[in-house]
Amino acid sequence: RWQAAWDAAQTFRADDASDKPRSYVLEMFPYPSGRIHIGHVRNYTMGDVLARTKRMQGFEVLHPMGWDAFGMPAENAAMEQGVHPGGWTRANIAAMKKQLKRLGFALDWSRELATCEPDYYGHEQALFLDLHAAGLVYRKESAVNWDPVDQTVLANEQVIDGRGWRSGALVEKRKLSQWFLAITRFADELLDGLGGLDKWPDKVRTMQENWIGKSQGLRCTFKFVSADHGIEVFTTRPDTMFGASFVAIAADHPLARSLAESAPELAAFIADCKRGGTTAAEIETAEKMGFDTGLTVEHPLDPAWHVPVYVANFVLMDYGTGAVFGCPAHDQRDLEFARKYDLPVIRVVADGEKTALNFDEDEAFTGPGRIVNSRWMDGMTIDEAKRAVIAKAQHDGWGRAETQWRLRDWGVSRQRYWGTPIPFIHCATCGVVPVPKSQLPVVLPEDIDFATPGNPLARHPTWKHVPCPKCGGTAERETDTLDTFVDSSWYFLRFASQPGDRPFDREAIAKWLPVEQYIGGIEHAILHLLYARFWTRALKHIGLIDIDEPFASLFTQGMVTHETYSRVDPANGQPIYFQPAEVEKRGEQAVLKRDGVAVEIGRVIKMSKSKKNTVDPDEIVAKYGADAVRWFMLSDSPPERDLPWSEAGIEGCWRFVQRLWRLFGQYEPAATGNDKALDRKRDQTVAAVASDIAALGFNKAVARIYELTGATEKAAPSASRSQAIRTILLLVAPMMPHLAEESWAQIGETGLIADAVWPPVDPALLVADEVTIAVQVKGKLRDTLTVAAGLPREELEALALASDKVQRALDGAQVRNVIVVPDRLVNVVA
RNA sequence: GCGGGCGUGGCGGAAUGGUAGACGCCGGGGACUUAAAAUCCCCUGAGCUUUGCUCGUGUGGGUUCGAGUCCCACCGUCCGCACCA
Numbered sequence: 050r051w052q053a054a055w056d057a058a059q060t061f062r063a064d065d066a067s068d069k070p071r072s073y074v075l076e077m078f079p080y081p082s083g084r085i086h087i088g089h090v091r092n093y094t095m096g097d098v099l100a101r102t103k104r105m106q107g108f109e110v111l112h113p114m115g116w117d118a119f120g121m122p123a124e125n126a127a128m129e130q131g132v133h134p135g136g137w138t139r140a141n142i143a144a145m146k147k148q149l150k151r152l153g154f155a156l157d158w159s160r161e162l163a164t165c166e167p168d169y170y171g172h173e174q175a176l177f178l179d180l181h182a183a184g185l186v187y188r189k190e191s192a193v194n195w196d197p198v199d200q201t202v203l204a205n206e207q208v209i210d211g212r213g214w215r216s217g218a219l220v221e222k223r224k225l226s227q228w229f230l231a232i233t234r235f236a237d238e239l240l241d242g243l244g245g246l247d248k249w250p251d252k253v254r255t256m257q258e259n260w261i262g263k264s265q266g267l268r269c270t271f272k273f274v275s276a277d278h279g280i281e282v283f284t285t286r287p288d289t290m291f292g293a294s295f296v297a298i299a300a301d302h303p304l305a306r307s308l309a310e311s312a313p314e315l316a317a318f319i320a321d322c323k324r325g326g327t328t329a330a331e332i333e334t335a336e337k338m339g340f341d342t343g344l345t346v347e348h349p350l351d352p353a354w355h356v357p358v359y360v361a362n363f364v365l366m367d368y369g370t371g372a373v374f375g376c377p378a379h380d381q382r383d384l385e386f387a388r389k390y391d392l393p394v395i396r397v398v399a400d401g402e403k404t405a406l407n408f409d410e411d412e413a414f415t416g417p418g419r420i421v422n423s424r425w426m427d428g429m430t431i432d433e434a435k436r437a438v439i440a441k442a443q444h445d446g447w448g449r450a451e452t453q454w455r456l457r458d459w460g461v462s463r464q465r466y467w468g469t470p471i472p473f474i475h476c477a478t479c480g481v482v483p484v485p486k487s488q489l490p491v492v493l494p495e496d497i498d499f500a501t502p503g504n505p506l507a508r509h510p511t512w513k514h515v516p517c518p519k520c521g522g523t524a525e526r527e528t529d530t531l532d533t534f535v536d537s538s539w540y541f542l543r544f545a546s547q548p549g550d551r552p553f554d555r556e557a558i559a560k561w562l563p564v565e566q567y568i569g570g571i572e573h574a575i576l577h578l579l580y581a582r583f584w585t586r587a588l589k590h591i592g593l594i595d596i597d598e599p600f601a602s603l604f605t606q607g608m609v610t611h612e613t614y615s616r617v618d619p620a621n622g623q624p625i626y627f628q629p630a631e632v633e634k635r636g637e638q639a640v641l642k643r644d645g646v647a648v649e650i651g652r653v654i655k656m657s658k659s660k661k662n663t664v665d666p667d668e669i670v671a672k673y674g675a676d677a678v679r680w681f682m683l684s685d686s687p688p689e690r691d692l693p694w695s696e697a698g699i700e701g702c703w704r705f706v707q708r709l710w711r712l713f714g715q716y717e718p719a720a721t722g723n724d725k726a727l728d729r730k731r732d733q734t735v736a737a738v739a740s741d742i743a744a745l746g747f748n749k750a751v752a753r754i755y756e757l758t759g760a761t762e763k764a765a766p767s768a769s770r771s772q773a774i775r776t777i778l779l780l781v782a783p784m785m786p787h788l789a790e791e792s793w794a795q796i797g798e799t800g801l802i803a804d805a806v807w808p809p810v811d812p813a814l815l816v817a818d819e820v821t822i823a824v825q826v827k828g829k830l831r832d833t834l835t836v837a838a839g840l841p842r843e844e845l846e847a848l849a850l851a852s853d854k855v856q857r858a859l860d861g862a863q864v865r866n867v868i869v870v871p872d873r874l875v876n877v878v879a
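In this note's numbering, the protein residues as written are 50 to 879.
One thing to keep in mind: the hints can contain errors.
With a Cα cut of at most 27 Å, we get these calculated BS3-like pairs of lysine-lysine [claimed, not checked]:
1. K749 x K252
2. K146 x K189
3. K660 x K642
4. K441 x K263
5. K854 x K827
6. K147 x K655
7. K661 x K146
8. K725 x K749
9. K589 x K189
10. K854 x K829
11. K248 x K560
12. K634 x K660
It is worth saying that the hints were derived from the structure and are not from the lab.
Using the sequences and the hints, build the whole thing.
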């Protein structure tokens, strides 16, 4: 009934023209998989409480919802079930929207968007063309991560331990012409910008910092003996240059490859290197292997000094220059390598008193110290030596200061159907030509065939055949689509502004953005959140918006977890898991309902289908009601931590809903008389709940409401009690909106409680007039005193010393000192 | 290996350097009922020689009149990254 009332009144529609202060509350939009899961419920409940509270506190709140609707699962469904990805996705959206509505979320559905609709992705194509015009989009032939199962390219971020993040298939390297977004051009900005994100979790900032991976050092050349060319290396430790004992190049370094052409042994070694695994365990245990090329190079600081050149399995081609100089005394990998191939190990940084030239330890020394055994650099600090070598290299022309980034440009080409078509046309005469904006959107064809693997767009009979926009000759559309992370890199802008003829309106963006509070899972700490930051900066760079950062405050919520129920299958010793619904808890034990025999209760872990420890939001809403489920999502666990789901817990919440319903039924508008203590408790609770919600400390707000509820139930009827009941109703309105609306009407209020004003607080009532003082003797609690607030120190001291318990604890000992903290504590030191 | 988080009752967890365990769950006892459910009341960190005392926030030190909180070292656990020069 109340959901219909909110819909009818358009209660949660955000008004762009409002002159109230604004608040944009956003939760990460879901992928329309078909059903919402309990993690969504927790995420959206938190955002909802914040949004509803902000509305009651007088803000114009934007709290939208949409669908991250492109991606592989729709194509998998198409291949497995023969359905159309669009039909499948849209049906899922309809089902999930119904589920969200059932939970009573205060969302502005008028701004709903789905990234798979042309009126969204068409604007994305326009933005992509703008970024291309600004030189931030380019195409290049490159070795890419190829997922052989999904038959598509993956970004580096989507390769985990050498496997595709979705398919789990071993990723192969392939050479393909790919579209890239120049995120590395913003590497410095994205790194520096983290410093201003003081309302982001440190963890996320650190993760992004490490991901961007800035290293400053020297790029320099080790010349071949008596030649004018050589091997370029990058190092962050130019100060250790006099400790060099070899140069190592990557197995796929061009020099290694050309040498291998005439050296079968080297070719075999290179092949060996490529076989090496990429999982954490394999890298950890992989032995350092090298192949002596027989070549030598001159030491840049002393051309008479020659060092050997090895091909080594631990040198990466795609970082730095694909070549390093080895300083074994001060780098663990180099040390292992040098020991194996019996190369010199020269100490060049003093380890405290240890300065001997020959380094004979098992662990490389990487700490601070003075430079030694380094001729003209002896006695310098590491930093002084770094600067000195770089200066010398630049002066003498064999090297220069350089910054290296771990971050790579973002490859966005995907050889898939269900994504945003990349708006370009390949013409034999004119090359790669942008689709004119007047011809946008480039719409996906509907008639599509999933019978064979690969890109369905590429084999569509007609779609790609178009005339060249420039010369009119025969040409072909680009058949790659965009990585879905592009779709989620600007959706928060489209929520704020939805003109038909352009992606968004600059003034509307300025009004709503940045998002005041963004809430989502920690799993997006790097990918989505870094890409969204990049897009925001890129769009500012090309003059479309005026903000640097999209999300002022970020909150990463914990997962919902559940214990598991299992039995060992006697046939194979493997556990068989059972769903919570199949199991009955009897105290500490659990039995399977169907046979009454015990099952083992396992650890509380993340809900997953394979462990069958999931609960379905629809079922629990049907059983306990949306308000009880919402209350559970907020109770007990701090929101950033995992929340263990339990039947007992949700039943407790359900009982509390009933308890409130009974309490609200006791509202007596005509009651008279004051209850000062209850008035004080009420206002203290309102203030505390407001600050707890502002800090997203929902579990603490819930505890406060429990306390006030208990106090109100116990209080005798009075005007104060009725006022307390009305206040509790307002405090729980953001959390249990359905009960609140019903009771609001019941107690005779008009209008929706969703539109009611947050209860005011009397500051005078927040200050206690009576306080309980802790009385300690030598730091141990011996007594408490209840006294009027604001008593002077001397009086408190006298009262404490007069206490029997204090005198007994002192046992005649001489009082040496008395610490008095007014209104809090007296500590008698003997 | 590097980076980050977390260790408090049977469980989830509270606690600006100032009464550790708020609040909830579980459990125990009682009231109401023919009975049950629901509801309400009381108890619920451990121990003891129980008007009270001792111990107690992963371990060991330290700072302080006073430490769950601050500092040092360690242990455990979870997460992220990783042959990044």
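These are the hints, each one checked on the structure:
1. K749 x K252: 23 Å, holds
2. K146 x K189: Cα-Cα ~41 Å, so violated.
3. K660 x K642: The given pair, whose Cα atoms are some 18 Å apart, holds under the 27 Å limit.
4. K441 x K263: 23 Å, holds
5. K854 x K827: 13 Å, holds
6. K147 x K655: Roughly 25 Å between the alpha carbons, so the hint for K147 and K655 holds.
7. K661 x K146: 25 Å, holds
8. K725 x K749: 24 Å, holds
9. K589 x K189: 25 Å, holds
10. K854 x K829: 12 Å, holds
11. K248 x K560: This hinted pair holds, its Cα atoms lying about 20 Å apart.
12. K634 x K660: Within the cut-off at roughly 18 Å; holds.
Of the hints listed earlier, the one the structure fails to meet is number 2.
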